[in-house]
Amino acid sequence: MDGGKFFGAFRASSGITDAVVLNHVPVGCNWGAGIFKTTSNQFDMRHACTVMHEREIVFGGEDALREALIRADELYDTPLLLVIAGDAPSIIGDDVEAVVDSVTLDSEVMWMEAAGFKGSAMDGYEEALLCIAGLMKESETIQDSVNLIGFSPDDFKVDADVKEIRRLLSDAGVEVNTVISKCSLEEFRRAPAAELNVVLGQGTKLCEQMKKEFGLPYLKMDYPYGLDGTSHFVGAISDELGIGHEPEFDIEPFKRIYLYLHELYGTPVSVIGDFHAEAMANFLDGELGFNVEVLSGNEDDYFEFEEDVRNSNTTILFGSSFEQGIAETLDIPLIRFCYPVFDNVSVYDCAPYAGYRGAVCLTEAIINTVMSYGGMNK
Amino acid sequence: MTENGSGSKSSLLMSFVKMYGTLPLHGITAIPGKISGALMLADAIEDAVPLIHGPVGCAFQRKVNPFKPHSPFYTTPCTNMNDTDVVYGGEEKLEQGIRETYERYHPNLILVITTCPSDLIGDDAEAVTREVSSEVGCDVVYSTGDFVGRSKPVGYQDAFYAITDQMLCNGTDNGDLKRNEGSVNIVTFPIHGAGIKVAEMASVFNDMEIGVNKVCFDHTRVEDLYELPKADLNITDYPMQWAKLMDERSDVGCYEILGWGRYNEEKDPELLSPYGISGSSRVFMEIAEMMGKDGVAEEVIGRRRSDAEERLSKARKGLDGVKIAAIGGLHGVGLNLFKDAGVDVSVLICRTQIMEGRLTDGAINEIVDMNMNLAEICGFDPETLVNPTIEEEIKAIRRSETDLVIAPSTSAHLYNREGVRTFDPTGFMIHHQRVGFECPIELCRMLKAALKTPQRRTPLLSMLQHDSQMHGLTPHWAKLSRAFSLLRADTIGDGLGVEVGDEVGAGVDVELDVEVDADIGRVEGGFDR
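Protein sequence lines, in the order shown, are assigned to chains A and B. For the record, in the first sequence the residue sitting at position 255 is 292 according to our numbering, with numbers rising by one throughout. For the record, in the second sequence the residue sitting at position 264 is 273 according to our numbering, with numbers rising by one throughout.
Take these hints with a grain of salt, some might be off.
Taking lysine to aspartate or glutamate pairs in the EDC-like style, the calculated list, with each CA pair at most 20 Å apart, reads [claimed, not checked]: (1) B:Lys488 with A:Glu104; (2) B:Lys77 with A:Asp380; (3) B:Lys488 with A:Glu111; (4) B:Lys488 with A:Asp81; (5) B:Lys488 with A:Asp181; (6) B:Lys488 with A:Asp380.
Just so you have them, the derived chain A footprint on chain B, three or more residues with Cβ under 8 Å [what the hints assert, rightly or not]: (7) 308-314; (8) 488-496.
FYI, nobody ran anything at the bench for these hints, they're computed from the structure. Beta carbons: idealized from backbone N, C-alpha and C, even for Gly.
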């Protein structure tokens with residue numbers, strides 16, 4: 038299920054870790070933006086709201102926005118205030134730009150329109166990054182360095198995954214310059230210093246823009262799930278940079294549970310999610326030997342997905358917390374790997390799902406979920 | 010669930026349900042909005058399906074149930090309004106959405122919930138539902154949030170009003186309804202587990218020769234809703250606009266357990282304290298009088314009360330001389346329940362910071378005074394602390410040799426690390442606090458269990474810095490809370506001219522610390538109505 042443009046813009050914006058996002062919306066949208074972050078990092082809530090009310094709908098929300106900008110600037114010590122105008126101000130035609138131009142604040146202010154009905158979450162993500170791309174500055178190139186683009190601060194396992202990817206690239210002699218969107222404003226500004234942009238699923242428009250403006254090439258890669266996926270990921274980046282690194286992985290952890298891998302081989306599963314889904318399906322199919330019966334993207338019809346799953350032999354479902362319903366209906370386990378996850382937490386940053394270590398953690402999670410599912414009663 | 014909540018399933022649910030109480034997104038740093046309240050009602054009607062008329066983002070985020078964040082609303086079809094619909098109108102999408110929802114789910118009720126975009130562009134939800142409802146095999150009702158003014162929680166109130174207005178008492182087939190003479194409906198908020206909480210009340214009514222027509226929400230279906238107008242009286246926790254409408258149109262009286270309306274006139278704090286032996290006796294008698302059963306009720310209440318008091322005197326053993334620090338406010342464990350339990354309230358803590366953005370100083374002072382008056386009526390003489398720091402609280406607790414602090418899990422660690430035991434009121438309030446004579450006996454049991462918990466703990470939480478005044482929040486979240494409160498007050502003027510009578514009478518939360526019902530009150534309108 039797609040979240041719409043507002044959520045995409047919010048996720049990209051809130052990934053600037055020292056910025057504050059000011060949602061110019063009624064309370065409900067602001068609540069939604071917050072709720073999905075409460076399971077990822079509760080110390081990293083950095084958003085405020087203009088609390089549009091009926092009065093603003095009738096008379097315009099510009100005064101409320103101006104007041105909120107001034108208040109937010111007073112309350113937060115932040116270098117950047119990012120204003121996201123949602124559905125209501127878009128319909129009533131608030132002149133956000135004029136309001137932003139009319140105030141002088143300590144923080145830099147950028148704004149974007151992201152009415153939910155104007156596009157998909159990916160559209161919102163792409164446009165938000167393009168909006169703040171103007172803050173980037175020409176920097177001296179750091180040899181053998183890359184930017185990783187496509188992350189969001191509320192992705193499930195994001196801290197652990199980024200840490201693992203950094204480790205793998207470091208082993209290959211590649212430095213990670215900036216992770217977008219999960220970086221400080223200064224890191225974002227210095228993104229053009231990288232030698233290569235690596236885009237994972239979303240952020241292609243930003244890459245195009247950076248290519249045009251800074252001459253920075255980019256590489257589109259699948260999310261690095263599994264041993265093969267990771268080897269391909271590291272190998273391709275290494276080749277692109279001319280390093281020629283041959284990645285190595287340790288098969289030892291898999292040996293310890295090989296009997297279970299035997300048992301699970303051929304398990305029919307279904308996968309749904311954003312751009313992570315296809316890479317996950319490749320790992321499940323190609324490495325664990327599962328039969329991926331249904332693979333669906335967020336942009337696809339959800340009812341069709343449910344119907345296809347019901348009509349399949351699926352015994353494990355891979356998706357987000359939204360798939361609780363169908364998993365419960367079919368009485369099958371759900372492995373959560375994809376946004377939004379609001380019924381599991383992931384705080385240990387050494388238990389990734391991405392990379393070589395991620396392949397082990399993921400396999401462990403799958404086996405444990407299956408073995409503990411339902412106990413003796415099922 | 011088992012009485013002490015020790016059953017494996019109930020323990021699990023209890024801890025999960027408590028999660029929403031700790032979630033500071035309920036009016037403290039954000040507000041869920043009207044759609045959540047309407048969805049709460051749709052979710053509580055087993056054979057109803059909501060249809061969100063708006064862009065996909067509205068359905069996306071609303072899948073999360075604010076009261077059970079671990080458990081989404083599974084079925085939330087959406088009309089998926091796009092840019093074109095916003096320009097040319099979304100009525101065709103709504104029409105199509107109603108038909109598809111019926112074809113896909115075959116519910117007995119489709120509750121159309123409009124959103125900011127569809128409200129703003131002026132889609133005529135009424136005309137569409139009227140037109141399409143004859144083509145689908147179920148009731149179709151629409152809720153915009155406009156039916157109930159500022160009665161909160163708007164989404165819940167509005168959706169229930171819409172069902173009453175458009176379905177139950179719409180003046181078409183309702184005239185032939187055969188009354189269930191001498192019966193009442195007991196209707197509580199869906200998250201309260203009505204079936205369990207009202208069992209004793211129903212039993213007392215039975216003894217008083219008052220029938221129970223329907224209990225909501227307890228596996229409630231549309232056919233049950235249609236039975237509501239058969240009763241003589243609707244009993245609700247708070248003032249409900251739907252109940253007033255049903256009174257007007259179908260002559261079903263209404264009784265509010267929390268007598269906020271009457272409090273405004275009489276300023277009697279006991280009217281806001283319907284629990285415990287005396288509070289319950291009063292409520293039962295008032296209902297009996299409305300039902301013309303006061304004669305038989307006197308004997309029943311006396312007998313039940315006497316029986317409960319006898320068992321209470323046994324349950325109280327071990328609590329004599331126990332001193333507690335209670336939290337003041339409009340919600341929370343009622344002071345008269347502590348009186349029944351035989352404990353002494355030695356410290357009364359009132360926290361008003363969260364109210365400051367929404368209520369006048371006069372209103373806040375009245376709430377504090379009301380608590381002090383109630384303490385006096387109950388025979389307590391506590392040291393009253395208004396907005397104390399944790400250090401000030403600890404000093405007062407030590408000075409008065411208080412044994413137990415009534416503290417939710419969000420702040421219990423602050424006392425535990427100082428060697429003070431705590432009692433978490435949330436579970437009690439959700440699962441036990443109710444009108445009836447058994448409730449104080451259960452409280453005695455739970456207080457005694459709390460007195461056996463370790464006196465000193467040094468949990469991980471005590472290593473985190475918490476705000477000096479909003480104890481349940483880290484300084485960062487407290488800042489978010491203050492920012493939200495400030496921006497909200499500036500924008501909608503909540504803080505201006507709002508008196509206790511207005512807000513409380515409207516069912517609004519005026520919470521101090523952990524108040525389950527206050528959380529419900531915070532589910533407000535899409536535009537923060």
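Status of the hints after comparison with the structure:
1. B:Lys488 with A:Glu104: 17 Å, holds
2. B:Lys77 with A:Asp380: 10 Å, holds
3. B:Lys488 with A:Glu111: The hint holds at about 11 Å.
4. B:Lys488 with A:Asp81: Since the Cα atoms of B:Lys488 and A:Asp81 sit roughly 12 Å apart, the hinted pair holds (cutoff 20 Å).
5. B:Lys488 with A:Asp181: 41 Å, violated
6. B:Lys488 with A:Asp380: 26 Å, violated
7. 308-314: As far as the stretch 308-314 of chain B goes, the hint is violated, because 0 residues have Cβ atoms under 8 Å from chain A.
8. 488-496: holds (count 7)
Of the numbered hints stated above, those contradicted by the structure are hints 5, 6, 7, listed in ascending order.
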